[in-house]
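> Sequence:
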Amino acid sequence: MHVLSRKPFNDAKRKYPNDANAIEDMFKVLRGGTYHSPEELRKVFATLDNFKYKDKWWVIDIGGNNLRLIAFIEFQDNRMYVKHICSHADYDKLCNKYS
Numbered sequence: 000m001h002v003l004s005r006k007p008f009n010d011a012k013r014k015y016p017n018d019a020n021a022i023e024d025m026f027k028v029l030r031g032g033t034y035h036s037p038e039e040l041r042k043v044f045a046t047l048d049n050f051k052y053k054d055k056w057w058v059i060d061i062g063g064n065n066l067r068l069i070a071f072i073e074f075q076d077n078r079m080y081v082k083h084i085c086s087h088a089d090y091d092k093l094c095n096k097y098s
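With the first letter of the sequence shown counted as 1, position 33 gets the number 32 in numbering that gives the first Met the number 0; the numbers rise by one all the way through.
Calculated directly from the structure, the hints in this document are not laboratory data. In this text, all values refer to a predicted model and were calculated from it rather than measured experimentally. Mixed in with the good hints there might be a few duds.
Using 20 Å as the maximum straight-line C-alpha spacing, the simulated PhoX-like pairs for lysine-lysine come out as follows [unchecked claim]: (1) 27 x 82; (2) 55 x 96; (3) 12 x 82; (4) 55 x 42; (5) 12 x 51; (6) 51 x 27; (7) 92 x 14; (8) 12 x 27; (9) 6 x 82; (10) 82 x 92; (11) 55 x 82; (12) 14 x 82; (13) 92 x 51; (14) 82 x 96; (15) 53 x 12; (16) 96 x 53; (17) 42 x 12; (18) 27 x 53; (19) 51 x 82; (20) 27 x 14.
Full structure from sequences and hints, please.
Written as C-alpha cells, this is what we have:
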C-alpha cells in the first residue's frame with residue numbers, strides 16, 4: 000500500500016514511545032502489502048473498522064489496543080493517508096469533533 004506520508008508515524012513514535020515498535024511495525028506491514036478491499040486489509044489487521052463520521056476513513060488499533068490509527072484509504076488505488084494516530088481518549092474527542 001502506498002502510505003502517503005511517514006510523518007504521522009514518526010510523530011506518534013515520539014509522542015508514544017512505549018508503543019514506538021508497534022507503530023513502526025504497522026507502518027512496515029502497511030507499506031509492504033497490497034490491499035484492494037477492506038476485507039484484504041482486515042486479514043492483516045483484524046481490528047479494521049469504518050470511521051462512521053467520514054466516508055472512506057478507517058480505524059485500526061495499534062499496540063494491543065493502546066492507540067488508534069485513523070486514515071483515509073482509497074482501496075482502488077491502494078493508497079492511504081494517515082490523518083491521526085492517537086490514544087483512545089483523543090479518539091473520543093475526534094469522534095465528537097467529526098460527528
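> Now, for every hint given, state plainly whether the structure supports it.
Checked hints:
1. 27 x 82: Measuring from Cα to Cα gives roughly 17 Å; hence the hint holds.
2. 55 x 96: 17 Å, holds
3. 12 x 82: The given pair, whose Cα atoms are some 15 Å apart, holds under the 20 Å limit.
4. 55 x 42: Given that 20 Å is the threshold and the Cα spacing comes to 18 Å, the pair holds.
5. 12 x 51: Given pair residue 12, residue 51 is violated - Cα atoms ~26 Å apart, limit 20 Å.
6. 51 x 27: Roughly 26 Å between the alpha carbons, so the hint for residue 51 and residue 27 is violated.
7. 92 x 14: OK: residue 92 and residue 14 at ~17 Å, within 20 Å.
8. 12 x 27: Cα-Cα ~14 Å, so holds.
9. 6 x 82: Holds, because 10 Å separates the two Cα atoms, which is no more than 20 Å.
10. 82 x 92: This hinted pair holds, its Cα atoms lying about 14 Å apart.
11. 55 x 82: 12 Å, holds
12. 14 x 82: Given pair residue 14, residue 82 holds - Cα atoms ~15 Å apart, limit 20 Å.
13. 92 x 51: Between residue 92 and residue 51 the Cα gap is close to 14 Å, so the pair holds against 20 Å.
14. 82 x 96: 14 Å, holds
15. 53 x 12: Violated, because 25 Å separates the two Cα atoms, which is more than 20 Å.
16. 96 x 53: 11 Å, holds
17. 42 x 12: It is violated: about 25 Å lies between the C-alpha atoms, which goes past 20 Å.
18. 27 x 53: 25 Å, violated
19. 51 x 82: The given pair, whose Cα atoms are some 15 Å apart, holds under the 20 Å limit.
20. 27 x 14: Holds - the C-alpha atoms of residue 14 and residue 27 are around 19 Å apart, at most 20 Å.
Against the hints set out earlier in the document, violations occur for numbers 5, 6, 15, 17, 18.
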